[in-house]
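J.: Chain residues, written in single-letter form:
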Amino acid sequence: MSLDCSSAVSLGRWIGTFSGITTRRWSLVGTRRRTQDGVPRDAAVRRLLVLRGEGRLTAAEAQLAAAGLGVSLRTVWRWLEEAQESDHASGRKESVRERFEVGDELRERLAYWRGNITAVHRELVAAAAAGGPEAPSRQTLQRAVQRDVLRGDRAGLRAGELARREHDVFLSRPATHRNEAWEGDHVEAPVWVDVEGRLLKPWVTWFVDAATNAVAGVAVTPGPASRESILAALRWAIALEEPYGPPGGLPGKVRIDRGKDFLSRAMMCVHGDAGLGKTLSVNAALRALVPADVCRVQFRARPTPRDIRHVLFEALGVGGSPPSRPIEFDTLLKDALAERFRVLVCDEAQWLSRECFELWRHLWDDRRTNIAIVFVGGGDCYRVLRREPMLSSRVYVWQEFRRLDRDQVLAVIPAYHPVWADADPADIAYTDAHAGHGNFRAWSKITSHVVTALARLERDVPDREVLQWVFSRIGGTSA
Amino acid sequence: MPEPVRVLLDPGDDVRVSVGLLERHDPAGGLIVAHPTPGMSSPAATAHDVLAALGRSVRRLAAERLIGLDPAGRAVQAWLLTDEIEDLVVLRADRLSAAGWDWLLQVCRRTGVRLLLVCHVHAVPAPLAAVLEGVEHQIITDLRQALPDRQGRAREPASSRAELEPGFLGTDDEVCQEGRTAAMTWLETHTGATVLDIAKVLLFLTELVQDSPSRNHTVAQLRGAQSGFRAHGFDLRFPAWKPMAEGRLTGPGLDTDGPDLSPAVLERIRAGVAHPAIGAGIAISLLTRMSVLFLHTLPWEALSPDNTVLRLTGFPDYSTLFPSTQKMRDKTPLTAVFVVPPAVRPLLQALRHFTELDPSKRPRHRMFASTPFTLERIGPAAAHCAITLPDQKRWKAASLYDTWQGWVTCTHTSWKAQPSHTQLRLDRIFTPHRAQRMRTRAVQTNGTEQAYSAAPITSW
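So the protein sequences, as listed, match chains A and B. Every number in our numbering is 571 more than the matching position in the first sequence, counting from 1. Every number in our numbering is 9 more than the matching position in the second sequence, counting from 1.
There's no promise every hint is true.
Rough simulated footprint, nothing fancy, chain B against chain A, three-plus residues with beta-carbon under 8 Å [unchecked claim]:
id, region
1, 718-725
2, 894-904
3, 922-931
4, 962-976
The hints are simulated quantities; they were obtained by calculation from the structure and are not laboratory data. Just so you know, even glycine gets a beta-carbon here, dropped at the ideal spot from N, CA and C.
The task is simple: from the sequences and hints, build the whole structure.
T.: The following block contains the structure:
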């Protein structure tokens, strides 16, 4: 039996709330059905129906509700069925309404109409009338735009780049002379470029003279900006001869925007389905890059900020006993994280709550700490993290892990293990189609069983017979 | 001049707003940025966050008894006033409770601090709007409006004895001459007086030797001052020079070794202690070398209103058996005066604010009445700051009996020192001419000249 702890606890607390304060208030109304203990039955049933609508209702939660209401489990199930039937009869829907969000297509339409929401809505209604998807109401669209599109972006759509920059937080500095200061930055250009047959978004790194706004140096790279691209842009900026000049020379100083990317102090999210090798890849990369400065933290399901504090306390090797008060705890952790640069790897990030993200952000925002945070998670990790506005401007890289396609499988698997080195590519493709599915974890299991089978059968190369035996062991389809 | 309360809306929760504000954090310039602890929204937690923003340690809140809102809130207000904070920025203010907002508004009203609440929401939350009702406030969406061209003020550098220029580093005779000149200059402001307030004399002597680099210099300067007083007809007497020079007596100018109130030590007190009374207690203990047991009864009258002078008065404790050959003082109180270095004065000012902010309004005659002031509390706090307190053992701890100031007397005589007395080797010779001896004795017997004034000072 699986138990969704947070739901169960919240349900239990929620019932506790009703049996306490709220019950007294509702008793004056006296029109609601209630149990012998006075707990409103309708409210509890309604909540359970919501959970069922979300697909999160388990027996444990029903049991908890039964205990809270003082009735048997069967009674709760019966109430649920009755309520659902009556809802169906009355045409009432208790399912969770999906929130309307502004996607890429809508952003394009907004840009086309220069931020005019009414015009976009008119277009959506017209598209719906022509057989397209259902159009939201204008108020819903307005709310979604207000919520999902930053104020500066909206201003930029209406009045252009200068208006958008008005919303940027720049500390005003007096204009001085040429080359007194340069400002460096880089950005992923929002265009697709064909690089040797592959579509990529190029990165632009540049240095701008603060006094004249002249671009002193620039470098365009097919991949994310790196040390090489920064040095290339710097070389361009310093050189004065053609074609690099005339802007440039030697700057008095170079400013960078807090330097999260330049200094490698950033947040990163690695997401993708389970079994694609996210954790393995992150660990392997960090082992090669900063072997002594990595701090891995992994939690049980649904961790709380308290859990994070204690796990970090253990992982950082802070001596003594953990403080009892959060502020003392955080101060201690910040002191430890300020000692030297560290990379904190937070696995299974999709389980974190908003309070947990607040704690990570709190530690990262602090001026003294010197950390980079890598969130690794499967399932709906991307959605969970994207939902938090605080992470939108802090996460620098959103790295998605995808399944291997057939060509990649044929290229990678023969090199993965010797048993596949001489295997027929058709057999590898057959295995991937029926059991591997481009998932490295699945391929690891298959390989282990294949090695066993080959040893027993005293064969060197897996064939269809061996593979079908393996499929029977791991539950893959054999035909 | 911006409104006293402003609310900055940042619905996008942009990193540049939070980090940009955190980078403006400048307590010395009068601006602090409080970064609330995640998951905590109570007023007490907010007070602790502001304490942390003020640079005070929040790792010993329970030990310093600053858990509750009342003591923590008073400490916050005391430090805000002492550090002359002008702007308080509270990040993620939308996550605070209504009680937390209310407390922040009260603090800002009492201390005159401008408050900037940063809310990462589209509109001011309804509970906050209810709290702000009736309060003059401004809602802004641009960070540049939040802190428009704020100029940080220049603070005078913290100075203490170690930072001041060392005393006159000459030969003993030259140092002595310097003391004599200083004494004569000081006495010119008291021309015609026959009775000198001993507290003022002690203050002059203390200021004279405060920055002395060694005990020998102190002794030489005091000898010079003695000579200057004698030249004006005042018989200024000190305890024997030898125990002073050997360090068997304590007091200003003689405590040149051991823990000192250096800028580094003061910085450790500021960063390691959140309770104003404990911080001030450690500083006074280091300044006077007195035991905590003695200091805990210190009255407020002992400290001048501008926190520049600390005057300790007490009666000698004769619990120890004295040999019958040793002369015991009568009920004359012992007095010692200490000049409080400028860098220590803010700590005492914070204690003053902390006491005044007591909501019970009970009269507080003692400086440390607002907190249980015991060695069990002061000792661990000092250890947390890596500071060694003076020896607190009863038989080793310094008392007024052990200070050179406690033994200073100043008597007006009808004769003046001969010119030859300016020399160091002749300074012990201070006798009247034979014809004057009989008259002097008669005058002293009749008591027409007050020889010693040690009455407690009632007003500064």
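J.: Please go over all the hints and tell whether each is borne out by the structure.
T.: Against the structure, the hints:
For a cut-off of 8 Å, the count of residues in the region 718-725 of chain A with a CB near a CB of chain B stands at 4, and the three-residue condition holds. Taking a C-beta to C-beta cut-off of 8 Å, the region 894-904 of chain A contributes 8 residues in contact with chain B, enough for the three needed, and the coverage statement holds. Beta-carbon proximity to chain B at under 8 Å applies to 3 residues in the region 922-931 of chain A; the threshold of 3 is reached and the given coverage holds. Coverage of a stretch by a chain is defined here by at least three residues with a beta carbon nearer than 8 Å to that chain's beta carbons; for the region 962-976 of chain A and chain B the count is 3, and the condition holds.
Hint compliance for this structure: no hint is broken.
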